[in-house]
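Each residue of the sequence shown is one higher than the one before, counting from 824 in our numbering.
It is worth saying that the hints were derived from the structure and are not from the lab. None of the values given here were measured: they were computed from a predicted structure. All C-beta atoms, glycine included, are put in the ideal place defined by N, C-alpha and C. Do not rely on the hints blindly, as some may be mistaken.
Have a look at the derived ranges for each label pair, beta carbon to beta carbon [said to hold, decoys possible]: (1) PRO1059 with PRO966: 22 to 32 Å; (2) GLY1060 with HIS1022: 42 to 52 Å; (3) GLY910 with THR863: 15 to 25 Å; (4) ALA1028 with ILE887: 50 to 60 Å; (5) GLY1056 with THR863: 37 to 47 Å; (6) ILE887 with PRO942: 49 to 59 Å; (7) PHE1035 with PRO1059: 17 to 27 Å.
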Amino acid sequence: MRRIIPRLAALAVVLALGVSERVVAADLSLGVDPLVIEFTAKPGASARASIVVSNAGNQVEHVIAVPIDWRTLFDGNIAVERAGAEGARSLTSGLTLSDTDFVLQPRQVRTLTLTLEVPTSKPATPASYWGGFLIEAKPLGAPGDSLGTGATVFVYDNVGQPRRHLAMRSLRLTGSGDQTRVEARLRNDGDSYLRIASHLAIQQAGRVVREFDIPMNSMFPQAERLLRQPLRGLAPGDYRVELSFDYGGETILDGVTQVRIR
824 MRRIIPRLAA
834 LAVVLALGVS
844 ERVVAADLSL
854 GVDPLVIEFT
864 AKPGASARAS
874 IVVSNAGNQV
884 EHVIAVPIDW
894 RTLFDGNIAV
904 ERAGAEGARS
914 LTSGLTLSDT
924 DFVLQPRQVR
934 TLTLTLEVPT
944 SKPATPASYW
954 GGFLIEAKPL
964 GAPGDSLGTG
974 ATVFVYDNVG
984 QPRRHLAMRS
994 LRLTGSGDQT
1004 RVEARLRNDG
1014 DSYLRIASHL
1024 AIQQAGRVVR
1034 EFDIPMNSMF
1044 PQAERLLRQP
1054 LRGLAPGDYR
1064 VELSFDYGGE
1074 TILDGVTQVR
1084 IR
């Protein structure tokens, strides 16, 4: 069964941009904050944001930033692509960083300016675009083919207010016993990218016995996603499984099914 629940305004906090990451490899420690930037610039306009890059390691680091395209796949993983690979949806040609090749001393912090110049060739009709940068650090003087550490900055731009909508194509259970899992097939049938907060609640005899959030990467317009979530550690019995998706629209998508664990 699928139903729509009126959206709660308080849930808008899931779109907060206070996202950061520190990646550690050997004696390297690269910090990048934020990892997600959202703009609302129209064609011909510009917008700016700050990105803080830090070295908390013990080595001098050589930092390089490379423009990329990217997308999320059917299984939810992220594929990093060459700049421009997303075609008309690519934002990367309009993105620049104030510095893309620099050195950070141990404990040094540097603030970069990310600038978006939306080409006038982009249509003014409501739509979503995306791009980004891969920021990589290696020990100073390391060979070019040596391994380093890195983080990806994902950048979005909405022109106007593209329609947001998420549909659930199916909800089913697979496996048995401790191998049981719930599978939801989703489709973004709107015109905007969706950053989704997913929540699973398991009830038995009207009492919630387990609930937790399920991390999800973004879904782009017209993309489909198969979400698989194991239901491990449940004692034998009958349960009600409720899976909800807050996608930033006016409603919350909700699916309910029953499961018997033997």
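For each hint, the structure was consulted:
1. PRO1059 with PRO966: 22 to 32 Å: violated (57 Å)
2. GLY1060 with HIS1022: 42 to 52 Å: violated (22 Å)
3. GLY910 with THR863: 15 to 25 Å: Check passed, 22 Å falls within 15 to 25 Å.
4. ALA1028 with ILE887: 50 to 60 Å: Between ALA1028 and ILE887, where Cβ atoms are some 57 Å apart, the hint holds.
5. GLY1056 with THR863: 37 to 47 Å: Once the Cβ atoms are compared, 43 Å apart, the range 37 to 47 Å for THR863 and GLY1056 holds.
6. ILE887 with PRO942: 49 to 59 Å: Between ILE887 and PRO942, where Cβ atoms are some 25 Å apart, the hint is violated.
7. PHE1035 with PRO1059: 17 to 27 Å: Taking Cβ atoms as reference, PHE1035 and PRO1059 lie about 21 Å apart, which means the hint holds.
In terms of the numbered hints stated before, the structure departs from hints 1, 2 and 6, listed from lowest to highest.
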